[in-house]
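Asks: Chain residues, written in single-letter form:
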Amino acid sequence: MFRFAVRSVRPVARLPVASRFVQPIRSYAVAPITKDEVIKRSFEALKTVAALQESEISLESSFQKDLALDSLDTVEALVALEEEFDLEIPDKISDEIKTVGEAVNYIFEEEQKL
Amino acid sequence: MTLATEFAETTRRSASNAELRSRVLHLYRKYMRYSKEMSELYELDMPVSNVKTKIRQEFERQRFVNDLSVANVLYMKGQMEFQEIINFWKQQCHVLRYFEDQSNYNVVDKNDFIKGFLRGNNP
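Listed in order, the protein sequences are those of chains F and P. 1 is the number of the first residue of the first sequence in the UniProt record's numbering; add one for each residue after it. 1 is the number of the first residue of the second sequence in the UniProt record's numbering; add one for each residue after it.
Note that these hints are calculated values from the structure, not bench results. A hint or two may mislead.
To be verified - Derived SDA-like pairs (lysine to any residue); straight-line CA-CA distance at most 20 Å:
#1 K54(P) to D73(F)
#2 K36(P) to T48(F)
#3 K54(P) to L69(F)
#4 K30(P) to L69(F)
#5 K113(F) to A31(F)
#6 K30(P) to A50(F)
Start from the sequences, fold in the hints, and give me the full structure.
Replies: Dropping the structure here:
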């Protein structure tokens, strides 16, 4: 696209220097992450936790009730999510997160802020 | 350069089990978060999952401590240990002591006190 623009400018040879260059266009390497992607990646990350390898994970499942994790396992699961998405969930919020869906929602909202 | 007060925490006594429980969970979370950094810091030639398992084991050892005062001391020691490890106040050999018994496979312990004592078994 850049080459195109330069070529179109070239015939008008005697323009001032500044206008010969294309105005920079801000573009992003990746589109902002979608909710589906967050869900997919978090399920994959959760599968790496030893206690969750065999379990059926869904958005509604609660860590302690449905997935039968103890408190330490829950911490491990949330840290696995933190590592996957390269963020740090503050202690106060982590204590409140009870289901997979809540964790996913929090991560999605954090990713939107970036 | 290490900051002497980094990761420091004023020692205090939790008066209730519930409060101590949440503090322990926060400490466990800190350990988990920094487990990768620990294994890089001390150049541990083992997978990070192994380090995490060891941390878990050390927490599990105290799972059935009922005495609140004892649990408070254990928490304090755990926090101190975390600070020392993450500030690189230890050396590799100190950290590797945690993993000593992993090479002791095939050792049958028949409740022989003297043998266990000489081997330096943890009680």
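Asks: Now tell me, hint by hint, if it's right for this structure.
Replies: Consistency of the hints with the structure:
1. In summary, the hint linking K54(P) to D73(F) is supported, as the alpha carbons are separated by about 14 Å, within the 20 Å threshold.
2. Our distance criterion of 20 Å between C-alpha atoms is met by K36(P) and T48(F), whose separation comes to about 15 Å.
3. For the hint pairing K54(P) with L69(F), the CA-to-CA distance comes to about 18 Å; that is within 20 Å, so the pair holds.
4. Proposed proximity of K30(P) and L69(F) is supported: the alpha carbons are some 19 Å apart, at most 20 Å.
5. Proximity of K113(F) to A31(F) is assessed by CA-CA distance (about 13 Å); at most 20 Å being required, the pair is judged to hold.
6. For the given pair, K30(P) sits about 19 Å from A50(F) by alpha-carbon distance, which is consistent with the 20 Å threshold.
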